[in-house]
Amino acid sequence: MSHAEKDSFGAKLGMWLFLFTEMLLFGGVFILYSVYLTRYPKEFGLGGHQLDLVFGATNTVVLLTSSLFAAMSVTAIKRGAKQLTLGLLSGTIGCALIFLFIKYLEWSAKFHHGIYPNSPKLIAGPPGESIFFSLYYLSTGLHGIHVIIGGILMTWTAVMVQKGILNSADNVTLENVTLYWHLVDLVWIFIFPLYYLIL
Amino acid sequence: MEHTEHILSYGKLTAVWVALLVLTAATIMVTRFELGVWKVWAALAIASVKSGLVIAFFMHMKYEPRLFRIILFVALFTLAGFIGGTFFDVLYR
Amino acid sequence: MSQDTAMAQGGFWRDTGRSGIGSWIFSTDHKRIGMMYLYCVLSFFLVGVVLGFLIRLELIAPGPTIVTAQTYNALFTVHGVVMIFLFIIPGIPASFGNLVLPIQLGARDVAFPRVNLLSWWLYAIGAVIVLVSLFTGGGAPDTGWTFYVPFSARTSTNVSLAVFGVFVLGFSSILTGINFITTIHRMRAPGMTWTRLPLFTWSLYATAWVQVLATPIIAITLLLVVTERILGLGLFDPNRGGDPVMYQHMFWIYSHPAVYIMILPGMGVISDIIPVFSRKPIFGYKMIAFSSLAIAAAGSAVWGHHMYTSGMSDLGVLVFSFLTFIVAIPSAIKVFNWVSTMYKGSISLEAPMLFALSFILLFSIGGLSGLILGAAATDIHVHDTHFVVGHFHYVMFGGTGFAFFAAAHYWLPKYYGRRYKEKPAIFGWILMFVGFNVMYFTMQVLGMEGMPRRYYDYLPEFARLNFVATVGSWILVAGIVIVVWNLWRGLFRGEPFTGNPWGGATLEWSIATPPPTENFDEDPVVTHGPYEFKGAGIP
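Chains as they are written, first to last, in the numbering used here: chain U, 15 to 213; chain G, 5 to 97; chain L, 1030 to 1568.
Just chain U, same shape as in the assembly (with noise of 0.2 Å):
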């Protein structure tokens, strides 16, 4: 093949690649969370009675939408609707502020009981419910992280098909951060039965 055309395959497959080592990151957190489930099962399920059910629903609804929204977009593009695809984008974008709100007020809530990494609560408490709440901490605080990079990503790609440089004919870029986005998804699905559900 010439080199100077470009090669939607490989991008994907660079792509994949790298979603690989976010899987494997994340898969760090959940062997150290696997392990320590073993180890404390009682005081994992007491942690998990304290984490506000409605908020880890509803953000999982919020995400799976902007996911929906995301792989829309693809077909949008492809089909040539530029307005669709930019409104697409605009949802996703949405959905992904509304998670981020949603993880605030979670999130202050938690502190406002005094349960934060290394507070004099959590060190009084039994051992196996700091490390929950740290695990807890360390998951959804890696995982919003990433919904941040996949937002501004996300705003960086709508920018890029706003200025027309992707479009219909080329757009394996739109194509490689909505596969970010899902990926952020997918780690969602996992920390809300894992945190919010079990035991």
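Honestly, the hints are just simulated from the structure, not real lab data. Even for Gly, the Cβ is constructed at its ideal location relative to N, Cα and C. All the given hints hold, so there is nothing to weed out.
Interface residues of chain L toward chain U, partial, derived using beta-carbon atoms under 10 Å:
hint, residue
1, 1203
2, 1206
3, 1211
4, 1261
5, 1279
6, 1282
Chain U is already provided as a structure; the job is to place chains G and L on it using the hints.
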């Protein structure tokens, strides 16, 4: 090597989204029962189905060449190996 | 490098749109990026050598000799961090991989040239952060390169910044890995089938997979050390229910596969050099290619063998010990195939070949001593002694380090268009080889006798052998100085180097010297295998 591009319809994507919402509701319901350890496995199983749907449709994996599925399997297998190896220590200490 | 030498060389040295330093640090040409990596890793190698030299000098006699105990702790930590993260992990793949890989595939560049440049920038930034961490905050880290908790979470030295620097370096490594995998899948020239890939490229492919799949685990682990220090998460703190052994698991889940990031490209270099200097096709091509993948796969499942004395479960020890022995099989396949390639070959003992031959011997010694460490029963005896230090220097330095110099003597003349002098190269090699063995074999004996590693002081009965090892380090350093000086002088002022004097059949030998910016005038079509010397148009 090259393949014709497959464009997913809005209807199909919406159907996947509905399925994902239903499965989310199902996880919440299942974990309300007293299942003990099985709760973890039930929740993980449903989460795996959900992520399977996201990967297959939202992420187009179903329509990508086989290479992509092979390397995805390699990555997941590696992660499973890391977790499994750790448990040889943790479970039998 | 001075302007006039660069002008004299032509090729990719001259042909560029920009001028000055911008034509380097913003270049997306894989050869220029490879050169920048080469200069960086070589500089850090020399820094690491000086630090190692000082460690050995301190140990020349019992008791305090040249530095204080705290400085000694910092010395072995920084020696480890510099050698591992700044030299040996990027060493061969990022420098020679970038220089050679696209040309061996018949491509004009890697799949993502800009990501490649980003990768170098991340490497440079990470390196600067690590260097800054040595002179700021509470002083250079004193934890050893492994950053084990709980000490790393408590020490007042500047661990957080150093660890963050290593995190950035990991990012660089991941991006190189992604780039190489995609390049090998997508950029092969017509006719370059998977079974015509040069074995150096095959080894880089296996390496890249390890880089992609294992490095994220060290990223999260190092982030955990930083959060432990800053936020007090308590995930590894036994008082709060954490488990320090989990840190060791996560650290070695990356850091054991990482030793295959270090050694696999070295094996690839050897697989390319041996057939050329034996004038014989490689023996067992498919098995060597396959064994690279097998080493990468098996090597990812053996991390627990660093932890036999950590309080891991007995079943865990058994399983990891068993899996460790499996890694020996593909490694041995390679050694047998290299030796079989030389059998009845027309061997010419030039500098690259001498380094390659010493690689086989030193790597075999290191590999066999690795089995002593892999077997749980014997490991308990020699764990954390100088035997371990001797072992990993045999595989890392005797293996990868010698392969690095083999690659330098083999490929660099091609890229500079000038060559080094043969006699000083061979003289330097002899000194390196002798000094190396005097130093590290003595260390293994010391370890068998019970001398622990990382200790500032030792019992008088170890004094004599420690003296011998230190003398070995002087010979080794003298050899390194001669080899590097000879390369440096030769590549800038030596005799012109043109064509294909060694008769290599891989694609890099078919293009102009030094390679032009676009590598190939017209897209090549590959019609023969990488080691088919007959009919490949070789003089």
